[in-house]
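Number of protein chains: 2
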Amino acid sequence: MNKETKNNSNSVGLVERQYFSFAESPNEMVLENGERLGPITIAYETYGKLNTNADNAILITHALSGDAHVAGYHSENDDKPGWWDFMVGSGKPFDTDKYFIICSNVLGGCMGTTGPGSINPKSGEPYNLNFPVVTIGDMVKAQKQLIDHLGVKRLMSAIGGSMGGMQALEWAIEYPEMVASVIPIATTSRLGAQGIAFNEVGRQAIFADANWKKGNYLNHDCNPAHGLVVARMLAHITYLSEESMHKKFGRRLRDRERYGYDFSSDFEVESYLRYQGESFIQRFDANTYLYITKAIDYFDLNRDYGSLENAFKNVNCKFLVISFTSDWLFTTAQSKEIVKALKINRKHVSFCEIPSKYGHDSFLLRNEDMEQMLESFLSHVYDKPKKL
Amino acid sequence: MNKETKNNSNSVGLVERQYFSFAESPNEMVLENGERLGPITIAYETYGKLNTNADNAILITHALSGDAHVAGYHSENDDKPGWWDFMVGSGKPFDTDKYFIICSNVLGGCMGTTGPGSINPKSGEPYNLNFPVVTIGDMVKAQKQLIDHLGVKRLMSAIGGSMGGMQALEWAIEYPEMVASVIPIATTSRLGAQGIAFNEVGRQAIFADANWKKGNYLNHDCNPAHGLVVARMLAHITYLSEESMHKKFGRRLRDRERYGYDFSSDFEVESYLRYQGESFIQRFDANTYLYITKAIDYFDLNRDYGSLENAFKNVNCKFLVISFTSDWLFTTAQSKEIVKALKINRKHVSFCEIPSKYGHDSFLLRNEDMEQMLESFLSHVYDKPKKL
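Quick note, the sequences are listed as chains A and B, same order.
Remember, the working numbering sits 15 above the position in the first sequence when you count from 1.
Remember, the working numbering sits 15 above the position in the second sequence when you count from 1.
Please note that the accuracy of each hint is not assured.
Heads up, the list lumps identical chains together, so a pair's fine if it works in one copy or across two of them.
Mimicking EDC-like on lysine to aspartate or glutamate, the simulated pairs with C-alpha atoms at most 20 Å apart in a straight line are [claimed, not checked]:
hint, residue 1, residue 2
1, K399, D112
2, K351, E31
3, K168, E192
4, K262, D315
5, K159, E192
6, K229, D277
7, K228, D277
8, K263, D315
9, K351, E257
In case anyone wonders, no lab produced these hints; they're calculated from the structure.
The structure presented is a predicted model; accordingly, all values stated were derived computationally and were not measured.
When you get a sec, could you build the whole thing from the sequences and use the hints?
Encoded structure:
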């Protein structure tokens with residue numbers, strides 16, 4: 016797949032999005048809410064090669080606004096590599112010389128996997144809000160089909176940050192024989208009231224956009240872009256720490272010496288957020304935003320399994336749980352709840368709170384501690400797969 | 016003014032909103048941005064009586080969504096008293112047997128004081144976005160006209176929480192001979208990047224509403240209610256602490272046993288926020304929301320006076336600075352910056368961080384520590400006005 020490398024050291028080079036379809040009628044996938052969904056197409060990318068034992072595969076699970084494009088470039092003219100490019104490649108923590116890396120766009124997504132913007136085969140029109148409300152469990156159930164399709168016998172690791180961490184946890188619980196290790200980063204076993212509240216405000220911002228058209232904007236050839244911008248701006252604040260915002264922007268003015276006394280962007284932080292919002296709507300779909308935030312809100316291992324201790328009773332893998340000091344959205348305390356419940360079950364768990372100023376987004380940024388820890392943990396799992 | 020008391024112990028009873036107008040042409044008020052504004056009407060309420068020395072007056076300055084109606088009821092059928100009712104009345108911290116209490120709606124407001132929804136005498140139509148961008152300093156400058164009009168020689172105290180605290184600080188600095196004491200509560204000398212960012216998202220939510228009509232919604236007989244709801248829901252999250260949201264709502268579902276798998280309110284925290292948003296738009300104006308958040312963003316004593324130390328060089332009153340442990344919007348650290356700058360100037364300042372779980376909103380809620388502290392501080396100022 017890697018046809019050429021760009022001038023990025025150890026880049027996986029040019030990569031292609033691939034597709035896998037399943038759940039054709041009458042074998043639709045049964046969702047947690049009881050509905051049936053099919054056919055389902057999953058968009059994914061892979062880097063490296065599956066070994067003959069089919070046990071060197073690592074599944075990377077992406078966060079709310081992520082997609083399957085983890086590393087490399089889609090074309091020679093591509094300015095930006097995948098979202099975790101610094102982690103994937105020869106000699107990098109996800110070493111493509113040793114491992115077979117997989118990442119798929121989540122169910123309900125808008126980056127190639129079946130979601131609310133896909134055509135409903137029954138109507139010949141986009142699903143829109145007729146798309147079923149899917150859960151993190153449903154996302155993982157669909158990923159399992161892809162993993163089987165790729166011939167992977169047992170995942171060496173399932174790893175992800177934020178909503179990706181929720182999927183990794185779900186893998187450990189639902190498919191205990193299918194994962195040798197799980198690395199939940201900056202995540203939680205259930206979102207708290209404040210997290211649900213922020214997600215709900217984002218959804219309300221989309222609902223409030225006159226172009227949302229009760230979810231049917233695709234049929235009206237319009238786009239609730241304003242609402243999605245507002246949702247993204249808000250979410251972006253929660254991904255940063257107060258300290259990092261202070262250091263990065265403070266009260267610096269944007270292209271002016273004094274206040275404008277108007278409602279344009281006076282401050283750099285305003286124009287930065289507006290820019291982030293505007294960029295986001297170029298690549299993301301408003302209905303998918305609704306569905307994915309809802310899946311995050313619904314994720315609750317305590318509720319689903321009676322208790323968190325109970326959720327982990329049958330897990331059969333090694334855990335590395337990682338949090339970041341300045342993450343106020345998915346806090347260290349939330350990671351520690353996971354660690355505690357695993358320890359009560361006498362499972363093999365390592366935990367590290369990594370010092371970082373960058374808030375929840377820390378896992379997306381280069382961090383020597385994180386990179387070394389992942390490299391060493393994965394090497395260990397790779398070298399001793401049978402001893403786990 | 017107090018015609019009757021409701022069955023609220025020591026209520027100030029029925030109260031009336033009053034009005035004061037000034038700055039008639041050609042004596043318009045000159046604003047910080049250099050524009051002239053007039054005539055200006057200020058809506059205000061008073062409780063208690065001004066003494067013959069005219070030195071027992073306390074000015075309460077309200078926060079973003081507050082108004083002049085601090086205490087008592089507007090009618091027999093009024094369900095709710097003013098926003099700080101538990102503080103104002105006979106025997107309460109703002110003791111109406113001793114003090115003359117004043118509160119006025121801020122310039123740019125929508126509760127009776129001249130603001131963007133007022134009629135522009137030049138056009139005969141609402142100002143809308145032709146209303147000048149006013150500052151905290153402009154609000155205080157207008158209040159000063161009211162205080163003079165009421166015959167107050169020197170305010171015994173200027174006190175307010177949040178944006179009210181900014182106004183109180185401005186009083187101390189701009190009118191040092193006019194205030195015997197100042198009590199800034201849960202406030203800051205300048206908003207940080209995160210605070211500006213939250214305000215900007217609120218404004219963008221209003222801009223995004225198709226009914227905003229570039230600010231001219233009054234002329235189109237419509238209302239950007241959706242946008243204002245979103246802005247308020249977001250702001251409301253920042254007024255609460257994560258802990259208080261967790262305790263109050265957790266992940267409890269609303270009127271259902273299991274998830275709805277739809278986009279109605281599953282969780283109590285969602286329906287609470289929606290309710291708060293819907294209530295807010297019954298009483299608040301979207302353009303005022305834009306103007307007042309902008310005034311808050313612009314407030315920066317460091318910038319206006321070169322440094323915070325310099326800002327306080329000529330203040331001539333006693334300070335009581337109060338913060339709350341769980342307030343993550345206007346933190347204790349921000350209050351301490353004020354205290355430090357006052358101490359460097361050898362000013363008389365007391366500081367207290369009050370333990371509270373309720374976040375920024377703590378100052379609006381009953382709190383024995385806060386009430387006792389205010390009562391004792393005010394009594395002291397009242398008894399020894401000359402010794403300050």
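Hints and how they fare:
Taking CA atoms no more than 20 Å apart as the test, K399 paired with D112 passes inside one copy only; the shortest distance there is 17 Å, against 80 Å between copies. Within a single copy, K351 and E31 get their C-alpha atoms no closer than 38 Å, and across copies no closer than 55 Å, so neither meets the 20 Å cut-off. Taking the shortest alpha-carbon separations for K168 and E192, only the intra-copy value of 9 Å comes in at or below 20 Å, while the best inter-copy value is 81 Å. With identical chains, the CA atoms of K262 and D315 are at most 20 Å apart between copies only, with a shortest distance of 17 Å across copies and 35 Å within one.
In this homomeric assembly, K159 and E192 come within 20 Å of each other (Cα to Cα) only inside a single copy, at 12 Å, whereas the closest approach across copies is 74 Å. When the C-alpha separation of K229 and D277 is checked against a cutoff of 20 Å, the pair qualifies only between copies, where the shortest distance is 13 Å, while the shortest distance within a copy is 33 Å. Proximity of K228 to D277 under the C-alpha cut-off of 20 Å is restricted to the inter-copy arrangement: shortest distance 16 Å between copies versus 31 Å within a copy. Taking the closest pair of Cα atoms, K263 and D315 come within 20 Å of each other only across two copies (18 Å); inside a single copy the shortest separation is 34 Å, beyond that limit.
Taking the shortest alpha-carbon separations for K351 and E257, only the inter-copy value of 17 Å comes in at or below 20 Å, while the best intra-copy value is 22 Å.
The structure fails to meet hint 2 from the earlier list, while all remaining hints are met.
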